[in-house]
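Undergrad: Residues per chain, in single letters:
Number of protein chains: 2
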Amino acid sequence: MTKNHIVKAFDEELGELTTLIGSMGSLAAMLFDEAVQALSQSNIGMALNVIVQDQQIDALKRKVTDRAALVITRRQPVAGDLDEILAGFKIIEDLERIGDLAKNIAKRATVIAGEPFPLDIAEDVERLSGLASTQVRQGLDAYVSRNVEQALIIRQQDVAIDKLHTALFKKILARMTEDHAHVAGFVHLLFCVKNIERVGDHAANIAEAACLVATGVLPADERLAHDGSSTTPPDIGSRDHS
Amino acid sequence: MTKNHIVKAFDEELGELTTLIGSMGSLAAMLFDEAVQALSQSNIGMALNVIVQDQQIDALKRKVTDRAALVITRRQPVAGDLDEILAGFKIIEDLERIGDLAKNIAKRATVIAGEPFPLDIAEDVERLSGLASTQVRQGLDAYVSRNVEQALIIRQQDVAIDKLHTALFKKILARMTEDHAHVAGFVHLLFCVKNIERVGDHAANIAEAACLVATGVLPADERLAHDGSSTTPPDIGSRDHS
Chain A
7 MTKNHIVKAF
17 DEELGELTTL
27 IGSMGSLAAM
37 LFDEAVQALS
47 QSNIGMALNV
57 IVQDQQIDAL
67 KRKVTDRAAL
77 VITRRQPVAG
87 DLDEILAGFK
97 IIEDLERIGD
107 LAKNIAKRAT
117 VIAGEPFPLD
127 IAEDVERLSG
137 LASTQVRQGL
147 DAYVSRNVEQ
157 ALIIRQQDVA
167 IDKLHTALFK
177 KILARMTEDH
187 AHVAGFVHLL
197 FCVKNIERVG
207 DHAANIAEAA
217 CLVATGVLPA
227 DERLAHDGSS
237 TTPPDIGSRD
247 HS
Chain B
7 MTKNHIVKAF
17 DEELGELTTL
27 IGSMGSLAAM
37 LFDEAVQALS
47 QSNIGMALNV
57 IVQDQQIDAL
67 KRKVTDRAAL
77 VITRRQPVAG
87 DLDEILAGFK
97 IIEDLERIGD
107 LAKNIAKRAT
117 VIAGEPFPLD
127 IAEDVERLSG
137 LASTQVRQGL
147 DAYVSRNVEQ
157 ALIIRQQDVA
167 IDKLHTALFK
177 KILARMTEDH
187 AHVAGFVHLL
197 FCVKNIERVG
207 DHAANIAEAA
217 CLVATGVLPA
227 DERLAHDGSS
237 TTPPDIGSRD
247 HS
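The listed protein sequences derive, respectively, from chains A and B. Just remember that the numbering used here sits 6 ahead of the position in the first sequence, which is counted from 1. Just remember that the numbering used here sits 6 ahead of the position in the second sequence, which is counted from 1.
No lab work stands behind these hints, which were simulated from the structure alone. Take every hint as true, because none was put in to throw you off.
Since the list gives no way to pick out one identical chain from another, each pair is judged satisfied if it fits inside one copy or across any two copies.
Calculated cross-link-like contacts (lysine-lysine; reagent style DSS-like; alpha-carbon spacing at most 25 Å): (1) 200 - 96; (2) 14 - 69; (3) 69 - 96; (4) 169 - 200; (5) 176 - 200; (6) 177 - 200.
Same shape as in the complex, but just chain A (with noise of 0.2 Å):
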């Protein structure tokens, strides 16, 4: 979609807007990368940086939000180039949290460095990651170049995450169950495989807010959850293994 306003200024201020949120988002999906290798790797150095460097993307928040409120104010947009601001006013909202998260997984990765990590949990927790990061970065894109098509696949498939979700948290349920020297050592896992879950969930927001920026509306449909690990009933561990 190209727009072309009398004040060519303005049209230059709404690009650097969105590049500026394509920068925070590149950020936010690395951050959530190198947590994610922390964990898997037990790399507490790596843990920590991703810990110390989620400060820049609460920084590059508060930059788009007074960026974006200086445009508002000078340009007094209305119809398509309000969405398209109050689009990138919710989508700089999930990237935070996407960071806030990442910063979690890290925290986590620091204290069960040391606890048993199973190989075919590990290789799940790295199939769920790499989807989910793979979603961000192609909600990013689907933002930035305005590509409604590519909004509305990404947002769909936030099913596969949740039911690869669904099934690791069984997985280890089941395991915590025979293992219980390591109890705790799960339960951070648990969260974290949650936490990557989540990033998946901010994905598909940020792919509607490109639907709305794209064509001035949201998805008519009903975004539906398909994550069951909240319903998952406490006998799994046992029925898993009958």
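Could you slot chain B onto chain A? The hints should help.
TA: Just chain B, lined up with the frame of chain A:
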């Protein structure tokens, strides 16, 4: 802070927005209370009611979003008025999340209704959720009444929730290492108390937005996180009993 615009209808529109956000907040706080009650009383009917009612929060959010965008388009606000509307956008994101967290607690309440809920832990959950609920309501009051002193106090009180949550997290972890038969039930309970702690975070966010509306700037000092549950060492169970 009393403002009088040349166009009196503008004041009325801003007032209506605040009232609408206040109503959304009351509903979110009520659903949160009911979700915790459903959990502590194993009341599945109440839990299912929360799950259904969360849709009303989402509908109210869409209404506020549309109304706020209309006010911006019609009145082209600048400075304090624009801040006020943008703060409203932030608050409804927090309220939507409180609704989501209530729904998640309610879902988990339905699956652990038959699980053990030790009295000391139940009392702590009640205390924690009571604090969080009060914070949400007082944060909203501070926003609606533009009371910056109250907002600053609420923002700081989140520390008490964080500390109580960390202690409760450790207590539940320690119980899990003793009671292997109910590990999965306790996992759901851990996620519920984490959700309650998150509601406290959102209350603090609302208080910050209230400061922004009342003063035009966010509080100068950094808000410190005191939730130590993420960095609770995995040997906590054995250490607490050594």
